[in-house]
Amino acid sequence: MSAGAAVLLAAGVAHVASLAVEVPYWGQSLLRVLGGAVAVLLPAGTIVYVFLFKMMSFMQSRLGPMDAGPYGSLQLVAEVGKWLQKEDIVPERADARIFKIAPVVVLVSTFLLVAVVPFGPDAWFTDFEGGVFYALAVSSISVLGILIAGWSSANKYSLLGGLRAAGQLIAYELPMVLAVVGVVIQAGTMNLQDIVVAQNAGSIFGFAGLGNPYVLTQFVGFVVFMIAVQAELTQAPFDMPIAESELVSGYMTEYSGFRFLIFFIGEFATAGVFAMIASVLFLGGWGVPFAWFGWTGLDDVSGWMNLAGPVIVLTKMMLVTFLIMWVRFSYPRFREDQLQKFAWKVLIPVSLANIAVTSVLKVAV
Amino acid sequence: MTLLGDRERLSYIAAQAADSRLNVELETEGMTLNIGPQHPATHGTLRIIARLDGEQVVWAEPSCGYMHRGYEKLAEVRTYPQVTTLVNRIDWLGSFANEVPFILAAEKLMGVEAPPRAQYIRTILFELSRIANVSLFLGDLGVQLGAITPVFLAFRDREYVLNLIEAATGGRFHPNFDRIGGLKDDLPAGWVDETRSVTKKLRRFCDEIEDLLFGNEIFQSRTRGIGVIPRDVALQYGLSGANLRASGVDWDLRRDHDLPMAWKHAQWKVWTHPDGDSFARCWVRLQEVREATRIVDQLLDAIPAGPVMAKVPKIIKVPEGEAWVSTENPLGEMGYYVVSRGDLGPFRVKIRSASFNNISIVPWLLRGVYVPDIVTILASLYFILGDIDR
Amino acid sequence: MARVPGLVKGLGVTLGTLLRTATRGANTVQYPHEKESPPIRSRGVIALHEGNCTSCMLCARSCPDWCIYIEGHKELAPPRREGGKPRQVNKLDRFDIDYALCMYCGICVEVCPFDALFWSPEYEYSEPRIADLLHDKAKLGEWMETVPEAPALEAGAQGKKK
Numbered sequence: 001m002s003a004g005a006a007v008l009l010a011a012g013v014a015h016v017a018s019l020a021v022e023v024p025y026w027g028q029s030l031l032r033v034l035g036g037a038v039a040v041l042l043p044a045g046t047i048v049y050v051f052l053f054k055m056m057s058f059m060q061s062r063l064g065p066m067d068a069g070p071y072g073s074l075q076l077v078a079e080v081g082k083w084l085q086k087e088d089i090v091p092e093r094a095d096a097r098i099f100k101i102a103p104v105v106v107l108v109s110t111f112l113l114v115a116v117v118p119f120g121p122d123a124w125f126t127d128f129e130g131g132v133f134y135a136l137a138v139s140s141i142s143v144l145g146i147l148i149a150g151w152s153s154a155n156k157y158s159l160l161g162g163l164r165a166a167g168q169l170i171a172y173e174l175p176m177v178l179a180v181v182g183v184v185i186q187a188g189t190m191n192l193q194d195i196v197v198a199q200n201a202g203s204i205f206g207f208a209g210l211g212n213p214y215v216l217t218q219f220v221g222f223v224v225f226m227i228a229v230q231a232e233l234t235q236a237p238f239d240m241p242i243a244e245s246e247l248v249s250g251y252m253t254e255y256s257g258f259r260f261l262i263f264f265i266g267e268f269a270t271a272g273v274f275a276m277i278a279s280v281l282f283l284g285g286w287g288v289p290f291a292w293f294g295w296t297g298l299d300d301v302s303g304w305m306n307l308a309g310p311v312i313v314l315t316k317m318m319l320v321t322f323l324i325m326w327v328r329f330s331y332p333r334f335r336e337d338q339l340q341k342f343a344w345k346v347l348i349p350v351s352l353a354n355i356a357v358t359s360v361l362k363v364a365v
Numbered sequence: 001m002t003l004l005g006d007r008e009r010l011s012y013i014a015a016q017a018a019d020s021r022l023n024v025e026l027e028t029e030g031m032t033l034n035i036g037p038q039h040p041a042t043h044g045t046l047r048i049i050a051r052l053d054g055e056q057v058v059w060a061e062p063s064c065g066y067m068h069r070g071y072e073k074l075a076e077v078r079t080y081p082q083v084t085t086l087v088n089r090i091d092w093l094g095s096f097a098n099e100v101p102f103i104l105a106a107e108k109l110m111g112v113e114a115p116p117r118a119q120y121i122r123t124i125l126f127e128l129s130r131i132a133n134v135s136l137f138l139g140d141l142g143v144q145l146g147a148i149t150p151v152f153l154a155f156r157d158r159e160y161v162l163n164l165i166e167a168a169t170g171g172r173f174h175p176n177f178d179r180i181g182g183l184k185d186d187l188p189a190g191w192v193d194e195t196r197s198v199t200k201k202l203r204r205f206c207d208e209i210e211d212l213l214f215g216n217e218i219f220q221s222r223t224r225g226i227g228v229i230p231r232d233v234a235l236q237y238g239l240s241g242a243n244l245r246a247s248g249v250d251w252d253l254r255r256d257h258d259l260p261m262a263w264k265h266a267q268w269k270v271w272t273h274p275d276g277d278s279f280a281r282c283w284v285r286l287q288e289v290r291e292a293t294r295i296v297d298q299l300l301d302a303i304p305a306g307p308v309m310a311k312v313p314k315i316i317k318v319p320e321g322e323a324w325v326s327t328e329n330p331l332g333e334m335g336y337y338v339v340s341r342g343d344l345g346p347f348r349v350k351i352r353s354a355s356f357n358n359i360s361i362v363p364w365l366l367r368g369v370y371v372p373d374i375v376t377i378l379a380s381l382y383f384i385l386g387d388i389d390r
Numbered sequence: 001m002a003r004v005p006g007l008v009k010g011l012g013v014t015l016g017t018l019l020r021t022a023t024r025g026a027n028t029v030q031y032p033h034e035k036e037s038p039p040i041r042s043r044g045v046i047a048l049h050e051g052n053c054t055s056c057m058l059c060a061r062s063c064p065d066w067c068i069y070i071e072g073h074k075e076l077a078p079p080r081r082e083g084g085k086p087r088q089v090n091k092l093d094r095f096d097i098d099y100a101l102c103m104y105c106g107i108c109v110e111v112c113p114f115d116a117l118f119w120s121p122e123y124e125y126s127e128p129r130i131a132d133l134l135h136d137k138a139k140l141g142e143w144m145e146t147v148p149e150a151p152a153l154e155a156g157a158q159g160k161k162k
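Residue numbers (our numbering), protein chains in the order written: chain U, 1 to 365; chain W, 1 to 390; chain D, 1 to 162.
Everything labelled a hint here was simulated from the structure, so no lab data went into it. Quantities reported herein were computed from a predicted structural model and do not represent experimental measurements. Ideal placement from N, C-alpha and C gives every residue a C-beta, glycine not left out. Be a bit skeptical, because a hint or two may be false.
Unchecked claim - Here are some of the chain W residues that sit facing chain U, going by a computed Cβ distance under 7 Å:
#1 LEU74
#2 GLY146
#3 ALA147
#4 PHE214
Said to hold, decoys possible - Negatives, chain W to chain D, calculated, CB over 12 Å:
#5 LEU86
#6 ARG255
#7 MET261
#8 PRO307
#9 GLU320
Said to hold, decoys possible - Partial list, computed: chain D residues near chain W (C-beta under 10 Å):
#10 LEU7
#11 SER42
#12 GLY72
#13 TRP119
Starting from the given sequences, assemble the full structure and let the hints guide the process.
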C-alpha cells in the first residue's frame, strides 16, 4: 500500500509532527498542499491501474496491459508520458482562454474536495464545522468546468456533450445532497471528523461490535448517494455527456495532450475522492469500531491510528470504487430524458422520504 | 479530402437557411450535424446528414459510397474463381455466405448440382458465417448503447467459430472455399467434433448476452418502442432478413426458396416478433444465432459420405444465359444476377446486397427521433458498409 | 424500474467473468511471448518448389491481383537416354510473389498443374519497407521447409482424385 504510505507521510505526519516538532505555519501549509496533491493523485493512479486496466480487462476475459512493468503496473507512467509528448492542439475557432482553463477547473474542485476528508484522529487537512456543506458545494464546481469545455470547443459534438452534462450534473446534485442530509441528521453534525467518530463510537440497538456504520442504518441513503455519485462522475450508466459511441468523447473531444491528461486524471481522481467521502459518510472513514479497543471518544484514540487511518480510508475507498466501476462496466447507458426522469421522479422522492423517516426515527428512537 | 461539388454546397446552404426557419415560436436555430463518415457509431464509413432541433432529428439522409470498391465493374474482367475471391469481401463478417449465391447462380447456368456432401458442408459453413456475423452484432449492440463488456465476450466466442472456419478452409475471414460444382476441399479430421463443442459454447454465449444485455432494464428502456417499423412500411422499403421478421413478416428464404442446400434436411424455426421496434430486431437476431447452432448440430449428425466436388471440367466456361439466385444471408437477402456469354468469367454481375436496401428506410425512420436514439436505431438495423457500398 | 433482477443478473455475469479470468486464465494469448499455432490449412505464405515449376504461367494468369511475376527461358537439356533427342526444358529465371498485393485467395496454388506451389501457415514475415514484401525465388524456396503435411480428412470423405 505505497499509496497509503505516501499519504500518511504527507497528511498524517504533517499534523502529528506539528505537535512534536515546531514547524512554522507556512511549512505546515506547504505540507498540507503537498499532502493534498498526493492524496488525490495516488489514489487516482491506483484506481486507474487496479480497476480500469485490470478489473475491466478481467471482466472481459483478457489480461489487460502486461508489458509495461511487472503485470503492467507501470502502464500509467507510460500513458502519462505518451499524453505529455502529444501536440497541444487548440482548435482555431475555439475560445482559447476558456478552452485552456476548463480542465483545470475540473481538477481544482477535486483538490478542494479532498481538503475536508479526515485521514485519522489528528491527520486531517482542515477541520470545518460545516465540512459536509463545504464538500457538496465545492463538488459542483466541476460542472462549470465541463460546461465551458463543451462550449469553448467550437464543435457541435462537444456542445451537445456539454449541455447534456450540465443538465445531468445539476439534476443529480439534489439526490446527492438529500441523501447526505439523512446522514447529517443521524450524526447530528456536519463536521466530517465528528461523523466518523459518531459512526465508530455508536452502536446499533445496543450492539457496539460493528459501531454504527451508516451504510446499514442509512441503507437507502447509501444507495441513492452511490447512484448520484455515479451520475456526478459521468460514469455509465450515466455517461451521456461522454457517450463514446455517439459523441466520440463529448465535451472532451477537442482536447489532446496534457489537457486531456488532466481530464483523464480528473475523472479518476474525482472518483477516488467521492469514494473517500462516501466511505467517510457511510462506512466509518478512517476508523474501526471503537468498541474493539475500548475507546469511547475521539480523545481516547491512540496515536498509531494516525498511521493506520489513511490505509483504512484507502481500503474503503477501493471498496466503494469497486462498486462504482463494476456498475460502470456492466450496464448500457441511459438516454438523457430517461436520466432526468429517473433523477426527478425516482431519486428525489425516495431521498425525501428517507429524510422524513430518519428524522422521525432520530427523535422517536 | 473530397471536394464539395456545387450541388452539395448549395444543398448545405439551403439546409442552413432552413435551419433558421425551424421552430419559429421559440426562435431556436436548428443544427445540421454530420454523423460520419468517421464515427464510432456507424459500422464503417457511412455518413448521415441530420438536421437537428435541439436533441430531435427533423430530417436525416444517409450518404453512402465512401467504401465503394467497384465490385460489379471488377467482376466484368475476372474469372469465376477470381470473382468468388473478391465477393468474400462484401460482407466481411460472414464472408462464406457471400460466395454461396454467386456460385449457385453459376451452377444454375451450368446445369450442375453439387453432390449432397458438398451441399451439407456448404450449409454448415453458411450457418457458421451467420453465427460469426450476428454474434458480433450482439456485442456491438452493447457498445453502441454504452455497455463495453459484451463486445469482448462476443469476440471471445466468435474466435471459436473463426478457428473452425480456418481449420476447414484456410482463411478466417475470407474462406474462398466455394467452387462451381462443390467445394475446394473436404473437412479435416476432427472438425465435426470440434464444431459440436463450439455450438455448445455459442449457446452459452447467447445465454450470457441475454443475461447481461437483453435482460437489463436499462437496455430495454433504450430499445423498446424505439424505431418502430410497421409491417407494411417494412415491405414497401424492401427490408429483408431480421429487420423484416422483427416487424412480424414471416419471410425466410432458406425455407421459401428451393435451392440445392441442406436447410430442408433440418428441423428449424423461423423467429418473428410482432413489435417492429429496435428490441424486436435485436431479439430476433439473438434467436437466429441460437437457431443456427441447432441447424449446424442437426446437419453435423447427418453429413452424407461421398465426393465433395461434382464432375466439372478443369477449366470452367459457364454457358450463355442469365441467372438470379438470392439467399438468406446474415444481413438479409443477398442475391446475384449473373449474365454469362460463355466465357471464363461472367459478363456482368449485379449484386443485390441486403444492407443497401435496409438503410433506405433511414430517412423515414429517423424523423422525430432523439439523437441518442439514432445510434440505437442504426445499431438495431445492422448494416455493414461493405455490404452497402460494394 | 420494475424488475430489478435483470440488473443484478447482469452484474453477476461480469463478476463471474472476472472470477473465471482470475482463476482459470484469460482467453487471450500474450503475443509475442506465447504464440498459438494456426491450423494446418491456414493460408500464411506461399512456398515454391522450383523443381516442379515449368513456367506455364497458369498461376500468374489466374491471380486476381496479378502479383506473381514469372520470367523463364527455354534450354536444351541432355537426352534422357542414349541416342535420343535433346529435350527442351523451361528454366525459371524469376519467380516473385508480391505479398503487398497478394490477397491470400489460393487460386494460384489450386490451379498449378505441377504441384509447384504450396501453402504454409507461417505468418510472421512483416517488413518495415513495402519493397521487402516482394519475395523472390530463393525466399519462396525457403518457405518450403515450413509446409506441413496435408491433414487427414473427416470420415466419409473421398480422397482427392489427383
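Cross-check of the supplied hints:
{"no.": "1", "hint": "LEU74", "verdict": "violated, 33 Å"}
{"no.": "2", "hint": "GLY146", "verdict": "holds, 3 Å"}
{"no.": "3", "hint": "ALA147", "verdict": "holds, 4 Å"}
{"no.": "4", "hint": "PHE214", "verdict": "violated, 11 Å"}
{"no.": "5", "hint": "LEU86", "verdict": "violated, 6 Å"}
{"no.": "6", "hint": "ARG255", "verdict": "holds, 27 Å"}
{"no.": "7", "hint": "MET261", "verdict": "holds, 18 Å"}
{"no.": "8", "hint": "PRO307", "verdict": "violated, 5 Å"}
{"no.": "9", "hint": "GLU320", "verdict": "holds, 22 Å"}
{"no.": "10", "hint": "LEU7", "verdict": "holds, 6 Å"}
{"no.": "11", "hint": "SER42", "verdict": "holds, 6 Å"}
{"no.": "12", "hint": "GLY72", "verdict": "violated, 22 Å"}
{"no.": "13", "hint": "TRP119", "verdict": "holds, 7 Å"}
Comparing the model with each numbered hint stated earlier shows that hints 1, 4, 5, 8, 12 do not hold.
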